[in-house]
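Colleague: Chains P and S supply the protein sequences, listed in that same order.
Residues in the first sequence are numbered from 4 upward in steps of one, following the numbering used here.
Residues in the second sequence are numbered from 143 upward in steps of one, following the numbering used here.
Simulated from the structure, these hints should not be mistaken for lab results.
Being a predicted model, the structure only gives us computed values, none of them experimental.
Do not rely on the hints blindly, as some may be mistaken.
Only part of the chain S face toward chain P is listed, based on derived beta-carbon distances under 7 Å [unchecked claim]:
{"id": "1", "residue": "Tyr157"}
{"id": "2", "residue": "Asn195"}
{"id": "3", "residue": "Leu200"}
{"id": "4", "residue": "Thr204"}
{"id": "5", "residue": "Ser224"}
{"id": "6", "residue": "Arg228"}
{"id": "7", "residue": "Ile243"}
{"id": "8", "residue": "Pro253"}
{"id": "9", "residue": "Arg280"}
{"id": "10", "residue": "Glu282"}
{"id": "11", "residue": "Phe359"}
Where is the CB? At the ideal position from N, CA and C, for every residue including glycine.
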Amino acid sequence: MGMLSRVFRNVVRKKVRTALIVVALGFCMAILISIQASITANQESLQEMKEENAKTLQSVAEEINRTASIIEVFPGGGMWEFGGPFINESIAYNISSIEGVEDAIPILERFIFPNAGNMTKESTDGGEVIHFMALYKVEGIQLNSSHIDRILPTKIIKGRNLKKGDSGVVILSQNLTKYFDAGVGDTITINGIYFEVVGVFESTLLTSRTLYMSLSDAQRVFNLTGKVSKINVYVEDVDRVEEIANEIETNYGLNTITYLDKMNSLLGMREHMKEREEKMARYVDQLQSIGLQEFVTTLTAASVMVLFIMLYAVRERTKEIGILKAIGFTGNSILIQFLLEGIVIGFMGGVVGAVIGGIATPMLANILLPKPKPITTPIGYATPGIEAANPIVTPEMILLVIGIAVLLGGLGSLYPAWKASRKSPVEAIRYE
Amino acid sequence: MNEVVLKTVNLTKVYERGGKKIHALSDVNLQINRGDYVAIMGPSGSGKTTLLNILGCLDKPTSGSVIIDGTDVTKLDEKGLSEIRRNKIGFVFQAFNLIPILSAIENVELPMECTKIPKYERRKRARQLLNLVGLSGRAEHRPHELSAGEQQRVAIARALANKPSIILADEPTGNLDSKTGEHIMKLLGLLNYKIGTTIIVVTHDQKMASLTGRILFLEDGKLLKKEKKGTYLGRKG
Ligand SMILES: Nc1ncnc2c1ncn2[C@@H]1O[C@H](COP(=O)(O)OP(=O)(O)OP(=O)(O)O)[C@@H](O)[C@H]1O
Ligand SMILES: [Mg+2]
Chain P
4 MGMLSRVFRN VVRKKVRTAL IVVALGFCMA ILISIQASIT ANQESLQEMK EENAKTLQSV
64 AEEINRTASI IEVFPGGGMW EFGGPFINES IAYNISSIEG VEDAIPILER FIFPNAGNMT
124 KESTDGGEVI HFMALYKVEG IQLNSSHIDR ILPTKIIKGR NLKKGDSGVV ILSQNLTKYF
184 DAGVGDTITI NGIYFEVVGV FESTLLTSRT LYMSLSDAQR VFNLTGKVSK INVYVEDVDR
244 VEEIANEIET NYGLNTITYL DKMNSLLGMR EHMKEREEKM ARYVDQLQSI GLQEFVTTLT
304 AASVMVLFIM LYAVRERTKE IGILKAIGFT GNSILIQFLL EGIVIGFMGG VVGAVIGGIA
364 TPMLANILLP KPKPITTPIG YATPGIEAAN PIVTPEMILL VIGIAVLLGG LGSLYPAWKA
424 SRKSPVEAIR YE
Chain S
143 MNEVVLKTVN LTKVYERGGK KIHALSDVNL QINRGDYVAI MGPSGSGKTT LLNILGCLDK
203 PTSGSVIIDG TDVTKLDEKG LSEIRRNKIG FVFQAFNLIP ILSAIENVEL PMECTKIPKY
263 ERRKRARQLL NLVGLSGRAE HRPHELSAGE QQRVAIARAL ANKPSIILAD EPTGNLDSKT
323 GEHIMKLLGL LNYKIGTTII VVTHDQKMAS LTGRILFLED GKLLKKEKKG TYLGRKG
């Protein structure tokens, strides 16, 4: 029969008091857990976003470098839509004979849409835009050209790349292997035509849902014999890119995009990524300041609660304190006893908090913390808006919170315990 | 032979209430020999409880001193006082004052908690003490499961836990019917006889007082010169 077992019995004896304070403390602790879990998750998500953006920018920059001497040629006229117009394949051969042009590779680039035409309307500052959600993109490439290695993906993870003379075969991006549930050696169908997968490539942000095949295969798939959507023109001298682009525009009435245009698009993309990062960082800041306020409020509420309940307990047990003193207990041992009671209750509250926190954290975080403001996403980038990360409760967090609860139990009962230890034995015994 | 275990010198306690001074004790000079079984009698408000509380180091006198086993306890600090309470004094209260969440034997063990007595020793000693007061079969019972007389016997066993020099009992029979009260007084006498503990009982019941060996009288905070012998003959008798 030691002090500890007496402490436990006192805690258990006052079931309603203990339950009340443990549940209340538990809720406070669960709130702490969910705030902390949410902030941590969002910080991690910001970090991930930064790393991902840096990687994407890097790969885009590499891509631009690689294509510095390219002129991308598109159909002329105003808007080019998904239904056309197209360029006649033969024009590619004409362009390739222009002086200073190394090679002109005709490409048929088409998107595959879901049957129902999955379009979403999205409100942006400029008004309403229709967002087409393509399932994936097909790039048909004239494989007889000498520069196909500059168009085809560079990093093959499995199987092989496309090569001259290939027919009836495709290479898939990593993402698309999941979509098709197919790998090297498997057969997939596109618009009812069978293809064998011969390779899988590591995709970048720009090619994450892309598959490559030969031009004639693509023309067959889309029923567009002799048509291409784009011609990649390789110029021998980088300094002559602008000049030749102008020549193509005037002679054939086509649109061109050059390195300079691409630079602008890179800048646009970087701008957009920066905006996302800043928004996310601001959101994390906001979470931290709101979280801190709620953290402080919760801690204060919890300690005041412990304080009052323990004060009440001390008052209620005044006579018992007097008896203990009369039979020789020192003020210190009485102080320790009440302190321990507070700590045991704090511990119980911490454990209950950990359980509630473990179960209800996503819900609590949802109630307690703000959501990020929506961000407008320009069409053409596969970058989504920012989202609140799902809070993750870690074992360290649970231990920390139990520690905090124990500390609160101790601190909250410090004054009541001190008061108990200083009671005059005569008056305490007379107390009814 | 007649060693003094407890002595007071000009013990005075003055309470102030609403600007009025109440002399609860005035110049009490008292001397108790080791092994005595003494009753202090007096009408209500005569200062009996006040005296006992001061003797038991629960309260401090306004002036004068209390000497227990040669130590002037009025000079001790709070820590020293709790040591005296723990080792020299055993209290028995009118309202028993057992700790309700503890069983009989745990209540008896409680005073030993602050001592160096090893755990198994405490349990053993508590059992012996319960045997001594005739409650060996009730060790695991909680106070509310015991009769009033049984509760008071547990309280007496608890008072004996640390082998005190003196047992101080404030109206130990006050909450008991006269027959049970008589049993308790006789039990105290038996313990005094068997282990020689000095016992001071406060009562205003003539019949209970007569069961001790020596009867002192307190009136208006003053100890009367007259003294009476009780029917208890003690170890010497
Ligand atoms: N804390 C106190 N403050 C003021 N006066 C007190 C206090 N305690 C006791 N007294 C007064 O001191 C006097 C002695 O009280 P005490 O309790 O010692 O009497 P008692 O002999 O034990 O009486 P009873 O037989 O009724 O128990 C009484 O007049 C009482 O009112
Ligand atoms: Mg009294």
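Colleague: Does each hint hold? Answer for all of them.
Modeller: Hint check:
1. Tyr157: 11 Å, violated
2. Asn195: Hint holds; Asn195/S Cβ to chain P Cβ min 5 Å, cut 7 Å.
3. Leu200: Check passed: Cβ of Leu200/S comes within 4 Å of chain P, closer than 7 Å.
4. Thr204: 14 Å, violated
5. Ser224: Holds - the Cβ of Ser224/S comes within 7 Å of chain P, reaching about 5 Å at its closest.
6. Arg228: 2 Å, holds
7. Ile243: 5 Å, holds
8. Pro253: This hint holds: Pro253/S lies near chain P, its Cβ roughly 4 Å from the closest one there, short of 7 Å.
9. Arg280: Check failed: Cβ of Arg280/S comes no nearer than 16 Å to chain P, outside 7 Å.
10. Glu282: 12 Å, violated
11. Phe359: This interface hint is violated because 23 Å lies over the 7 Å limit.
Consistency note: the structure conflicts with the earlier hints numbered 1, 4, 9, 10 and 11.
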